[in-house]
Every structure is written in C-alpha cells, then in structure tokens.
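Chemist: Those letters in the sequence shown? Residues 237 to 626, by my numbering.
Worth double-checking, as some hints may not be accurate.
[Unchecked claim] DSS-like, lysine-lysine: derived pairs with alpha carbons at most 27 Å apart:
no. : residue 1 : residue 2
1   : K422      : K469
2   : K459      : K469
3   : K354      : K422
4   : K397      : K354
5   : K397      : K420
6   : K397      : K485
7   : K469      : K286
8   : K485      : K422
9   : K485      : K459
10  : K422      : K286
11  : K385      : K397
12  : K354      : K485
13  : K485      : K469
14  : K459      : K420
15  : K422      : K459
16  : K397      : K469
17  : K420      : K385
18  : K469      : K420
19  : K422      : K397
20  : K354      : K469
21  : K485      : K420
If you are wondering where the hints come from, they were derived from the structure by calculation, not from laboratory data.
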Amino acid sequence: MEEDDATTSTEMDVEQPPQTNHNNSFKRFGLKNSIQTNFGEDYVFQIVAKDDWTLMGVSLSTNAVKLYSPVTGQHIGDCRGHTNTINNVSFSTPLSPHVLHSCSSDATIRAWDTRTFKQVSCINAGHGQDVFSFSFGGESENLLAAGCKSQIRFWDWRNQKQVACLEDSHMDDVTQVHFVPNHKNKLVSASEDGLICMFDTSGSINDEDNLDSVINVGTSIGKVGFLGDSYQKLWCLTNIETLSLWDWKDGTNVVNFEDPRSLASDSWNLDHVDYFVDCQYSAESESLWLIGGTNAGTLGYFPVNYGGTGSIGHPEAVLGGGHTDIVRSVLPMSSVKRENSRIFGWSGGEDGRLCCWFSDDSTEINRSWISSTMAIKPSKERKKIRHQPY
C-alpha cells in the first residue's frame, strides 16, 4: 500500500562547523522538508530535474519514477511500466521538454510524457540485456547511445532504429555513456572492466574506425563526469571508492586519489566517510566537489584540488539530520528561490526519504552549514540547437 506523499518540517539540533580559517565564509542552512516516498523498504536511486526546474524525477527501487515539484515538494504523479531495476533517468533532450527518459535491467529505454504520466515510446535492447545508462547526442540530439552488457548500442531516436552496436571495446558491463558537453559527436563510455573509451560518432559507427582513445583506470568504474575548460577533463569514481582525473583528449592522468575516504574523513570531526555519492563541478567557479557520506546518512561536500599532487579539503557543506541510511543521489539546485530563501538541493537514499535542503538566515535553523563559496550561479542560456542530421 502506498502512502500519500507529504512534506513535513524537521527541527534541527546544533552542530558547529569545523574550526578552520574559512569560518567567516560559512552561511547556515538546514533541512526544511523530508518526504517519505512509500511504505515499505523502497530505496531512492536517482534524482534529476528539468532544465527550467519545474519538475523533478525520482527513480525508486519499486521500478517506478515519481514526479515532484523541486520548489514545493508537491507530488505530481508516477510513471510506471518498468519490470526491473531502473538504472538511469534523465530529462534528456531540449527537443522534447515534457519527456522523461529511463532505462532499466528489463532491457528497455522508455520515454514518458510527464503531463499525462503515460509511456509514449519504448526501445528494447534485446532479451537478457541490461541497459545501465544512456545519453542523447549528435548534432541535433537524435542519436541515442546506451551502455549494456559489454556493448554500446546506438539508435536514431526519430525512427527508433538501431544504427550501430559496438561489441569489441569493453569486456564487462558498460556502466556509463555520456556525450561530451559542447562536443556532441564525442562519446565517453566507462565499464566494470576498468576502461574508459572515447568514440567519435560522426558518420558510420564501428569499433575499428570510431574508437579514438582508451584510458585504463585499472578497476571497476562506477561514475564519470566532465570538468574544465571545454570540459576536456574527466573525473572518475570507481566501485572501490577511488577518484582519478584524466584529460580525455590525450588520455593523460591528471591526478589519482587512491584513498580519498581517509583524506575526506581526516578533514572533518564527524564519522568516517564510508562511500561517495557523486562529484559536482561548477563551471562558474571552476570548482570540483566530492560528495561523501556516512552509513548513518550524513553528507559532506569536499573540495577537490586537482593541481599538482592533488588534495581534498575541509567540507564546504555538511548535510546532517535528514537521512538515516546510505544516500544514493544528490540534486544541487542553489539557483532556485523558495520563500525568499535559496534552495541548496535535494537528496535521496536507502531510507526511502527525499530531503530538501536550503539556506536560511534564521538562527533556528542550525543543524547543517554551508560555505558561501558553494553558492551556484544560474546557468547561462543554452544556444538553440540547429536541426541537423545526428
């Protein structure tokens, strides 16, 4: 039986920020609302939002995607149809602003109309396949790439016909595929085989002619993302909680962190950092944060200095008192206003909770704190996409 989604206020206890020479830059903020997504033992897997912040999609371990307002927390509706674990969700293409895409271990990539909550299209990768990730790219965002079991498959989204299948580049599950921002014909793939591959998808696509470079990380890869001028660098989080940064254009290693959990744990006076949720990059401030968590549900935003030998600094934000279990996803949204306060973001985890965090000058909200350097400027308007073949 499912519970009606409701927003509840939570009182905070006092927690002092660490004593560093950055104390004067800290701005207080706190947990304002938490939503219990369902009765039972469901997890929150991933939280994503539309570019205009009018809608937020939340994937659950119940194989459903719930839709909320990221500003008010109001439950909008559910998208149901997957029959196995949902591995990735995204408001993927500006060409279809009302469409949410999702992929699953049921071998499908589905598109949902978020106004009616109905499935509007479905691509099947074949019997026995898992689809772990997907990305839209090409010149007009119509080329769909998907990471499957040791394969990368491509479809033309306009007619949903498969146009290529790369079978020789990876030997294990392809956990990540991403078209590079501002380089829409460049695709990065990452796998549990420890390899990151870079492909040029312009023209006909095959393993021999389109593989530009290979980076050997050496261990199973969980997540990758982009940073730097023209997004020419990659950050890579592995499934054994290591962090490395690379230049994807020439394949060189920028810096390695073999034990970032210890470095992060030593930088605060709270429990040991047990895992990493994600990395967040701000192009405006050219800053990278490593988001670490404890098994009890506390999160820290640790700044990463990737110059020279590299270092991980004191946390510039700590989110505590909201979760009681491992956190799976964090959605930063500091550019959105709410009741004259600035929302910092949402988080979701294995306790089935969605927690909303935002800054407030009130002295009554003092459980968590944030450095003023963590304020995120609104993103610049994106250029209009020309209608071209992918």
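Chemist: Work down the list of hints and note, for each, if the structure agrees.
Modeler: Here's how the hints hold up against the structure:
1. K422 / K469: With Cα atoms ~13 Å apart, K422 and K469 stay inside 27 Å; holds.
2. K459 / K469: Answer holds: K459 to K469 is near 14 Å, not above 27 Å.
3. K354 / K422: Given that 27 Å is the threshold and the Cα spacing comes to 32 Å, the pair is violated.
4. K397 / K354: Holds. K397 to K354 sits at ~22 Å (cutoff 27 Å).
5. K397 / K420: 20 Å, holds
6. K397 / K485: 30 Å, violated
7. K469 / K286: Measuring from Cα to Cα gives roughly 25 Å; hence the hint holds.
8. K485 / K422: 10 Å, holds
9. K485 / K459: Given pair K485, K459 holds - Cα atoms ~19 Å apart, limit 27 Å.
10. K422 / K286: Measuring from Cα to Cα gives roughly 23 Å; hence the hint holds.
11. K385 / K397: At roughly 19 Å apart (the allowed maximum being 27 Å), K397 and K385 satisfy the hint.
12. K354 / K485: 41 Å, violated
13. K485 / K469: Holds - the C-alpha atoms of K469 and K485 are around 8 Å apart, at most 27 Å.
14. K459 / K420: Satisfied, since the Cα-Cα distance of roughly 19 Å is no more than 27 Å.
15. K422 / K459: With a Cα-Cα distance of about 17 Å, the restraint between K422 and K459 holds, given a limit of 27 Å.
16. K397 / K469: Outside the cut-off at roughly 32 Å; violated.
17. K420 / K385: 24 Å, holds
18. K469 / K420: Holds. K469 to K420 sits at ~15 Å (cutoff 27 Å).
19. K422 / K397: 20 Å, holds
20. K354 / K469: Violated, at roughly 38 Å.
21. K485 / K420: 14 Å, holds
Checked against the numbered hints given earlier, this structure breaks hints 3, 6, 12, 16, 20; the rest are met.
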